[in-house]
Amino acid sequence: MGRSSDKLIWALLGTLLLVLMLLGLTLGATVLDWPAVWQAWQTGDTTSTELRILLWSRLPRVLGGVLAGAALAAAGVILQAMLGNPLAGPNVLGVNAGAGFLVLLAAALWPDAGALLPVAAFMGALLAVGILLLLTIRGGASGTALVLLGVALTTIFSAGMDCVLLFWPDAYVGAASFLVGSLAYVTPERLCFAAPYILLGLALAVLLARELNLLSLGVDMASSLGQNVRAVRAALLLVAALLVGAAVSFAGLLSFVGLIVPHIMRFLLGGDNRLLLPASALGGAALVVAADMLARLLFAPYELSVGILLAALGGPFFIYLVIRNRSKVL
Amino acid sequence: MIELQNISFAYPGELPLMQGLSCRLRRGRLTVLLGPNGCGKSTLLRLAAGLLRPSTGEILLDGRPISQYKPREAAKQVALLGQLNNRTELTVRQLAEMGRYPYRVWGRLRAEDKLRVDMALEQAGIARCAERRISTLSGGQLQRAYIALALAQDAAAVLLDEPTAWLDISARFEIMGLLLQLCAEGRTIAVVMHELDLALEFADELMLLDGGRLQVTGSPADLAADGSLERLFGIRVQAGTAEGRRFWAFAPAERQ
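Respectively, the protein sequence lines represent chains A and B. Residue numbers for the first sequence follow the numbering used here, beginning at 29 and rising by one. Residue numbers for the second sequence follow the numbering used here, beginning at 117 and rising by one.
Worth flagging that the hints you see were computed from the coordinates, not collected in a lab. It should be emphasised that the depicted structure is a prediction, and the values quoted were computed from it without experimental measurement. Glycine included, every Cβ here is placed at the ideal spot set by N, Cα and C. A couple of the hints might just be wrong.
Non-contacting residues of chain B with respect to chain A, defined by C-beta distances greater than 12 Å in every case (computed) [claimed, not checked]:
1. G173
2. A195
3. D313
Sample of chain A residues facing chain B (criterion: CB under 8 Å; computed from the structure) [as the list claims (entries may be wrong)]:
4. Q67
5. N241
6. L242
7. G246
8. M249
9. S252
10. N256
11. V260
12. G298
13. G299
14. L303
Simulated coverage check for chain B against chain A, where a stretch passes if three residues somewhere in it have a Cβ under 8 Å from a Cβ of chain A [claimed, not checked]:
15. 150-156
16. 179-190
17. 212-221
Extracted from the complex, chain A is given alone in its bound form:
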């Protein structure tokens, strides 16, 4: 694929995301009256309903969608390349669940420590990825083994989450939404805690993209080209955990973003992770913002959790991948 078509795809992705963000800010239970917002902003009228909706509800929500989508899609690219497996994705592998478990546990044990949530989520994600990597470090793992390990981890961590919610039913505001993934409870505070981690994670991911390219050829190949595979793997592992953890800490267990988006982008742009990582981040952001908007509008005034919509998209996509890769992976 030539350079000019790459540029076209960048321009399209960027424009798509901006348009979706604008729509996401405008549409909802009430259609935002932009002139009124502008007027309130000009006059410094902080009591304006329009301005308050924008600043306290829509903006955190849309930015939350952008950050969570970008983080999960980038983590998906990293995990797929690192494990050499197209079925890898943060939620398939139980990484989301690991992060979710520790978020709920931390929220139950230290109810007032909001800043702790992204850290706890990071530790949970790290725990899950670490277990996977330890179990598959020699010679990689077949698709079946990896997916089964993911199922096992998800089951264990889900049981953990159920336990926490049984003992501390009020541990987390909107716990039911958290379990399927939702942006309804995104607060500016939670977003501010998580955003630095995500921005740092994305920057590191792009810096490590070249190493990821090499590692995607296999451990032997990367070592024989002089790569310090252990260090690179550890760094990528930390970055993936950072991204997933930070996203889960405010958006809950959003599923399949990290699986679908990297596949579509790889199909369009090829396998060079230097392009794939930023493009997937943009694509992931666009997907979550769009899905969240649909989730708000489809059954208005009732609201679906965005996670439900993503699962409805992602489930069939996963089945398609399994069937398409049957001969090669499973």
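Please build the complex by placing chain B on the supplied structure of chain A, with the hints as guidance.
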């Protein structure tokens, strides 16, 4: 030249795979390692590339222990083409560019690197597929793409693990012909393979491995004549001549 001196090796928690193995992979020669499955041929290549550390013994790269080389320095000397990822969506050119990894400063490809990559693609005979994705290549093209990577790496020694498996017969001959060309440039080429016919036809030197030891080493004609191949594989090997060219014929041992 790569020299393995008195090497013993075992994977963690497993029985020793090699005990007291010594051999030399020489410059300008195509060495083929033969032996039954699980005898340690692929492990020998990984040891020779410095990816595995022997439990005893020394591996010398141009006279210096390979353990003293930094990974990137060793990568400038030895290329290993083991299990090849054929599912990546990278293009052939992007793959070949990876060969410059040990040389790059701050991750940038300099003009010199790009020139090397172009030359490598040309020499490996894959230049016209440079912009194609790896996942769309045929078996022979895949081998060529990875050989281009090794050439871009500019390694004096190229170690290949079953480069001719899964290829049709003409592609096998093409790949072996390409490897002979690389030998003629003075590179060390070592190949693990199961195709006895190709090994006898193309190798300068055969090494027969069995039971973790190097059983015997020598030219194809010598090993066919002294019965080593027959003993190792339990078959009969016969050289013939037709129209001035030598060919090899094989038969099960018990059949006369």
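Which numbered hints fail: 2, 4, 11, 14, 15
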